[in-house]
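Chains Z and B supply the protein sequences, listed in that same order.
First residue of the first sequence? That's 1 in the numbering used here, and the numbers climb one at a time after it.
First residue of the second sequence? That's 1 in the numbering used here, and the numbers climb one at a time after it.
By construction, these hints were calculated from the structure, which means they are not laboratory data.
Backbone N, C-alpha and C fix where the C-beta goes; we use that ideal spot for every residue, glycine too.
Each hint should be verified, as a subset may be incorrect.
Derived lysine to aspartate or glutamate pairs resembling DMTMM-like cross-links, with alpha carbons at most 25 Å apart [said to hold, decoys possible]: (1) B:51 with Z:197; (2) B:11 with Z:2; (3) B:51 with Z:159; (4) B:51 with Z:198; (5) B:11 with Z:184.
A few chain Z residues that don't get close to chain B, going by computed Cβ distances all over 10 Å [claimed, not checked]: (6) 75; (7) 133; (8) 134; (9) 135; (10) 164; (11) 190.
Chain B regions said to be covered by chain Z (calculated; three or more residues, Cβ under 8 Å) [claimed, not checked]: (12) 18-29; (13) 301-314.
Here are the chains, one letter per residue:
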Amino acid sequence: MDKLRNLWNEIRPRGGWKYPAIIISGAFVGLFIYTFFTARAHSYLSNDPATCVNCHIMGPYYATWMHSSHGRNTTCNDCHVPQDSKIRGYYFKAVDGLRHSAVFTIRGEDQALQAIPASSEVIMENCVRCHTQLNSEFIRTGRMGFKEMKEMGGHACWDCHRDVPHTRSRSLSSTPNARIPMPETHVPEWLQNLMNEEKD
Amino acid sequence: MNRNRNHKGMKPWVGWLLFFVTMGVVFLLGMLAASITQRRAEIASVMNNRKIEITGIESRNEIFAENYPREYETWRQTADTTFQSEFNGSSMVDVLEERPEMVILWAGYAFSKDYSTPRGHMHAIEDIRHTLRTGSPMGPDEGPQPATCWTCKSPDVPRLMDSVGIAEFYNKPWSHWGHEIVNPIGCADCHEAETMNLRVSRPALIEGFEAMGKNVQDATHQEMRTLACAQCHVEYYFTPEGKYLTFPWHNGTTMEGAEQYYDEIGFADYTHALSKAPIIKAQHPDYEIYSTGIHAQRGVSCADCHMPYVSEGGVKYSSHHKRSPLASMNNTCQVCHRETEEDLRNNVYERQRSADQIRNLVEKELATAHLEAQFAWEKGATEAQMKEALQLIRQSQWRWDYAVASHGGSFHSPVEFQRILSLSLDRAHKARFEIAKVLALNGFTGNVPLPDISTKEKAQSYIGLDIAKERSNKQRFLEEKVPEWLESARANNRLVSLK
Numbered sequence: 001m002d003k004l005r006n007l008w009n010e011i012r013p014r015g016g017w018k019y020p021a022i023i024i025s026g027a028f029v030g031l032f033i034y035t036f037f038t039a040r041a042h043s044y045l046s047n048d049p050a051t052c053v054n055c056h057i058m059g060p061y062y063a064t065w066m067h068s069s070h071g072r073n074t075t076c077n078d079c080h081v082p083q084d085s086k087i088r089g090y091y092f093k094a095v096d097g098l099r100h101s102a103v104f105t106i107r108g109e110d111q112a113l114q115a116i117p118a119s120s121e122v123i124m125e126n127c128v129r130c131h132t133q134l135n136s137e138f139i140r141t142g143r144m145g146f147k148e149m150k151e152m153g154g155h156a157c158w159d160c161h162r163d164v165p166h167t168r169s170r171s172l173s174s175t176p177n178a179r180i181p182m183p184e185t186h187v188p189e190w191l192q193n194l195m196n197e198e199k200d
Numbered sequence: 001m002n003r004n005r006n007h008k009g010m011k012p013w014v015g016w017l018l019f020f021v022t023m024g025v026v027f028l029l030g031m032l033a034a035s036i037t038q039r040r041a042e043i044a045s046v047m048n049n050r051k052i053e054i055t056g057i058e059s060r061n062e063i064f065a066e067n068y069p070r071e072y073e074t075w076r077q078t079a080d081t082t083f084q085s086e087f088n089g090s091s092m093v094d095v096l097e098e099r100p101e102m103v104i105l106w107a108g109y110a111f112s113k114d115y116s117t118p119r120g121h122m123h124a125i126e127d128i129r130h131t132l133r134t135g136s137p138m139g140p141d142e143g144p145q146p147a148t149c150w151t152c153k154s155p156d157v158p159r160l161m162d163s164v165g166i167a168e169f170y171n172k173p174w175s176h177w178g179h180e181i182v183n184p185i186g187c188a189d190c191h192e193a194e195t196m197n198l199r200v201s202r203p204a205l206i207e208g209f210e211a212m213g214k215n216v217q218d219a220t221h222q223e224m225r226t227l228a229c230a231q232c233h234v235e236y237y238f239t240p241e242g243k244y245l246t247f248p249w250h251n252g253t254t255m256e257g258a259e260q261y262y263d264e265i266g267f268a269d270y271t272h273a274l275s276k277a278p279i280i281k282a283q284h285p286d287y288e289i290y291s292t293g294i295h296a297q298r299g300v301s302c303a304d305c306h307m308p309y310v311s312e313g314g315v316k317y318s319s320h321h322k323r324s325p326l327a328s329m330n331n332t333c334q335v336c337h338r339e340t341e342e343d344l345r346n347n348v349y350e351r352q353r354s355a356d357q358i359r360n361l362v363e364k365e366l367a368t369a370h371l372e373a374q375f376a377w378e379k380g381a382t383e384a385q386m387k388e389a390l391q392l393i394r395q396s397q398w399r400w401d402y403a404v405a406s407h408g409g410s411f412h413s414p415v416e417f418q419r420i421l422s423l424s425l426d427r428a429h430k431a432r433f434e435i436a437k438v439l440a441l442n443g444f445t446g447n448v449p450l451p452d453i454s455t456k457e458k459a460q461s462y463i464g465l466d467i468a469k470e471r472s473n474k475q476r477f478l479e480e481k482v483p484e485w486l487e488s489a490r491a492n493n494r495l496v497s498l499k
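Work the whole structure out from these sequences, hints included.
Structural data, given as structure tokens:
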């Protein structure tokens with residue numbers, strides 16, 4: 001502890017540095033809060049499907065899900081996030097989410113998104129979670145996870161059920177004029193109106 | 001001590017290093033924030049990647065073609081008339097020719113002159129000009145119909161309502177707006193141009209909902225996929241004063257509710273020329289009947305079946321070729337019902353055949369009731385004697401028309417449809433029974449001699465129509481007046497197409 005205190009005493013801004021330091025720290029915190037809200041980070045705690053459309057490229061996936069057989073009974077998280085424990089769920093969401101943000105920030109998203117193996121495992125787990133009886137009593141497909149299935153040369157659920165739920169032709173541009181609940185602009189209405197008036 | 005303050009344990013370069021490192025971190029965070037803001041701003045471009053900026057109420061459908069080629073192409077396909085199912089289809093069929101009793105049922109009303117099955121939206125303007133019901137107005141304010149008739153035929157209507165006012169739009173003769181209303185049912189009727197969101201463009205629907213104490217603005221997107229159609233595919237009437245388009249929904253959207261409304265205001269569309277019964281004409285209560293059916297109850301909207309999703313290459317969109325779902329069952333019925341096409345088609349026809357059976361009985365019975373009533377008047381019946389019979393005829397015809405005028409009611413809600421037809425048959429029987437009593441009171445107890453109305457021509461000549469003259473006037477109107485209208489429309493830039 002003393003070592004830390006000594007280190008801090010060494011590097012903390014003193015005298016003339018105090019004010020610039022405070023200002024820059026303020027700038028940092030402010031930017032951080034701005035980033036938090038503009039990325040709508042608070043929305044990721046919920047299960048609302050509209051949250052996933054924070055990244056607008058998710059539009060077609062939202063639209064195809066909404067009009068599918070799963071549209072009434074499931075949310076995005078019900079399939080794409082582990083539901084067996086809250087901790088595992090949030091951890092997975094965090095890791096996956098940060099990966100998404102990184103890819104999205106560098107504009108590295110594919111035109112036709114595909115699930116990474118870790119994701120596929122979770123999705124198949126969730127297929128079996130809801131369709132338990134079907135997958136353990138009638139057919140035995142639910143007894144193995146995705147990884148084992150692939151290693152043994154088997155098929156995942158969606159290798160046959162190809163349309164569920166995002167349909168067969170799915171890409172970032174597959175539903176051009178679909179109605180998606182995109183995030184609202186954070187330009188306040190009074191300013192928008194003012195800008196529109198000026199344009200006229 | 002003051003001078004030494006800055007150097008106490010910290011070398012100057014450490015201070016500067018920390019300063020620049022922190023600046024660097026803040027800068028990077030700013031970049032991240034900017035990148036997030038930028039990608040979020042892209043959302044505006046998702047909906048705004050348009051070749052042509054369209055604002056306000058754009059009534060020329062061709063303008064939308066550049067921005068929404070798929071929806072536009074499929075909309076144009078509503079001109080197609082090839083589809084035929086057992087009872088319905090996309091082509092124009094002369095119903096009076098097939099069912100001459102209808103001429104009698106509508107004696108004294110324009111429908112007895114001309115009534116054909118409706119066809120695709122693209123034909124809306126052409127067909128309203130061609131039907132004998134709109135007459136042949138050669139002069140500026142001639143003709144039997146008010147401007148309200150235009151309301152459901154064109155996106156020019158909301159444009160005009162916006163510029164001249166709603167009541168002012170309605171309260172003119174039909175021919176008054178002939179040169180203004182030239183584009184068939186299209187984009188601006190259902191969509192607002194800036195965002196292509198579904199929105200209501202006809203005030204009558206808003207007012208109809210208000211009459212029920214509901215607010216149509218509360219509708220969800222899925223509900224709007226039905227309400228956009230409910231702007232026109234509903235029962236309505238024009239108020240005698242001002243010809244204001246009104247939906248009779250003050251007591252709800254049921255057949256009985258509407259009848260109660262009409263009875264309370266003492267309304268009749270016309271007095272029957274033969275029986276003198278006060279008749280209400282029902283117009284296509286598609287939305288009302290559909291709402292009572294099982295599909296509506298399960299949350300299926302009009303667009304789910306009539307504007308199904310279509311996959312073309314890698315793109316999926318709503319087909320705007322509105323027609324019978326039987327024409328492409330794999331993306332309409334079979335999305336939810338996994339039975340074979342043949343099975344599903346039989347399910348539809350079964351219900352339609354049952355309804356048809358009752359309908360045929362009703363038409364015969366009701367036409368006979370009208371003719372017998374006419375006979376009773378000739379035998380010297382008084383108003384007091386005939387009152388009950390005429391009331392029953394009114395009720396029978398209202399029920400018959402309510403069911404039969406609907407597009408697809410026999411499938412949308414077969415139970416309700418057949419209930420309504422059965423009630424119509426009941427009233428028709430009761431009416432004839434009453435008339436028999438009146439005839440007996442006036443000294444006649446035999447079988448009423450009925451005229452030969454076995455064909456459309458015979459029926460029309462029986463009720464005194466000069467169809468040849470109507471047709472020749474219409475021909476003149478189409479050859480002389482309509483081109484004037486089109487020329488004026490082109491001059492005022494209301495029309496884009498070449499025709």
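Given as non-interface: residue 134 (chain Z), which should sit over 10 Å from chain B by C-beta
Check passes; 17 Å lies beyond 10 Å.
Mind checking, does the segment 301-314 of chain B have 3 or more residues with a CB under 8 Å from chain Z?
holds (count 4)
Against the 25 Å threshold, does the CA-CA distance of residue 11 (chain B) and residue 2 (chain Z) hold or violate the hint?
Distance of about 21 Å is within 25 Å: holds.
Taking 25 Å as the top limit, are the C-alpha atoms of residue 11 (chain B) and residue 184 (chain Z) close enough?
violated (50 Å)
Compute the least Cβ-Cβ separation between residue 135 (chain Z) and chain B, then decide whether it is above 10 Å.
The assertion about residue 135 (chain Z) holds, with a minimum of 20 Å to chain B.
Would you check whether the claim that residue 164 (chain Z) is not at the interface survives, using Cβ distances to chain B and the 10 Å cut-off?
holds (13 Å)
Next pair to validate is residue 51 (chain B) with residue 197 (chain Z); report whether the Cα-Cα distance is within 25 Å.
Holds, at roughly 22 Å.
At least three residues with a C-beta closer than 8 Å to a C-beta of chain Z: is that true for the segment 18-29 of chain B?
With 7 residues close enough to chain Z, the hint holds.
Going straight from one Cα to the other, do residue 51 (chain B) and residue 159 (chain Z) come out at no more than 25 Å?
violated (39 Å)
Hey, is residue 133 (chain Z) genuinely clear of chain B, shortest beta carbon separation above 10 Å?
Non-interface label stands for residue 133 (chain Z): nearest chain B Cβ at 20 Å, farther than 10 Å.
Sort out whether residue 198 (chain Z) lies within 25 Å of residue 51 (chain B), counting only the CA atoms.
OK: residue 51 (chain B) and residue 198 (chain Z) at ~22 Å, within 25 Å.
Consistency of the no-contact label for residue 75 (chain Z), given chain B and a CB cut of 10 Å
Non-interface label on residue 75 (chain Z) holds, nearest chain B Cβ at 17 Å vs cutoff 10 Å.
Going down the numbered hints, you'll see the structure goes against 3 and 5, while the others check out.
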